Amino acid sequence: CRISSDGKPAKFQPPPKPVIIDRQKQREERRFLSPEFIPPRGRTDPLKFYIERKDMIQRRKVFNIPEFYVGSVLAVTTADPYANEKANRFVGICIQRGGKGLGATFVLRNVIEGQGVEICYELYSPRVQAIEVLKLEKRLDDNLMYLRDALPEYSTFDVNMKPVSHLDHEEIPVNKLQVRMKPKPWSKRWERPKYNIKGIKFELPEKKMKEAQKWSQPWLEFDMLREYDTSKIEEKIWKEVNEELKK
Amino acid sequence: MMPIWTKSGKKHAVTLLKVQDCHVLRYISKEESGGKTSKLLVGGKNASPFFKSESAMKIFKEAGVPRKQKVATFNVTDDAIIKPGTPLYAAHFRPGQFVDVTAKTIGKGFQGVMKRWGFKGQPASHGQTKTHRRPGAISTNKAAKVYRGKKMPGKMGNIYRTSFGLKVWRINTKHDIIYVNGSVPGHTNCLVKVRDSKLPTYKDCNKNPPFPTFFADGDEKLPEDLYDKEIFQFTDPSVTYA
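Chains as they are written, first to last, in our numbering: chain F, 1 to 247; chain P, 248 to 489.
Bear in mind the hints are in silico, worked out from the structure with no lab data behind them.
One should not assume that every hint holds.
[Claimed, not checked] Where chain P lies over chain F, by a calculated footprint (3+ residues, C-beta under 8 Å):
| hint | segment |
| --- | --- |
| 1 | 10 to 24 |
| 2 | 48 to 57 |
| 3 | 96 to 103 |
| 4 | 192 to 201 |
| 5 | 218 to 229 |
Nothing here was measured: the structure is a model prediction, and the numbers come from that model.
For every residue, glycine included, the Cβ atom is placed at its ideal position computed from N, Cα and C.
Starting from the given sequences, assemble the full structure and let the hints guide the process.
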């Protein structure tokens, strides 16, 4: 029996309840469907997307395409007939993921010996030998093209960097980094609301920011013809893709 | 349109064409048609029988086939005649063959001379009065007339055009899809006529094609996908250069 500082016996404290973390449920809750599986809005026959998806799943069975987002650091090895070891390795941050279906691409950017280099790779090309995710994270924007006008330190990544481990059930970390830009002129007017960039620390005077808002189109978010609700399509495709990959 | 890769790692763009309920409708003999060879009428996609007159439906009734949306004529030699009513499948073509594709181009409506014929027009500034996209001179002084066929503004598109010598890369026998190299005239989901190429370079290209056509109820059992030997199939590992 414990004796408290008063000298009287202390009140019975029940042991703390065990916290049960259900790993299975947490793992199932996070579903990732690669954006190139979602068909674009148009008048094409859904049979074409079905056939293309079969080919994509077939390629994924043979070659592993990991989950990654815009803002993660990847290392890609491609077959090159003119390189020394016939293979070429490039490390960079993914700034854009474009294209749908088999022609899906992603652009990797890095600054090598002071020169900025961007390479656009095709996800399903047979020349890529391996894709490794060195750092899996998201950024505040879907498109990091503004890194071209940002200070080069934000685009430099060590070519021999070690992969940062990421557990399966954890949520993908969002890097809320605000990037500092080189002095104007930029390749595009990133302060304008059409680009909707949240990841830049604008050091422009208030007057310029207010003038940029003149080009805002506030009616766009209420335009019903531009809405494309992909939730149901995504669920169907996710189920289909998972079933095929398990076989 | 889809990308396709060869075993050497090169990418080619490919159009998918679906063979949807094709049947042979009628056989027209050489004397009847008055041409050099006999003809076969082939019908495409099924359509509703209620919006056509009885005389137009006669051909479909004789063949015993639902009404087709598009009817095309093919010049055939006498040993390649098929009985009317037989269905035609995508397996009629084989990978490695060369093919001509005919379709109606996308209609652009009434267009000016710069878009329709590619004229250069006039400069935007430096004194031009109301003349920036006009044809300019249409004939010479000595001719004293405008020649027939002079390129002028008018309705553009919505005419039949053919792309010649397109290679067939792959055939899907389950869904009847032909993968044809390059682009094809017409909008998405438009009706298209596919024919063996008549270019002299590809005259001897077809080695042992299914002759006169591929019969589904015959003895031949084809795999679901037929690939050309140059194509990279996704079941193989990634391409390496030795």
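We went through each hint and held it up to the structure:
no.	hint	result
1	10 to 24	violated (count 0)
2	48 to 57	holds (count 4)
3	96 to 103	holds (count 3)
4	192 to 201	violated (count 0)
5	218 to 229	violated (count 0)
Checked against the numbered hints given earlier, the structure breaks hints 1, 4 and 5 and satisfies all the rest.
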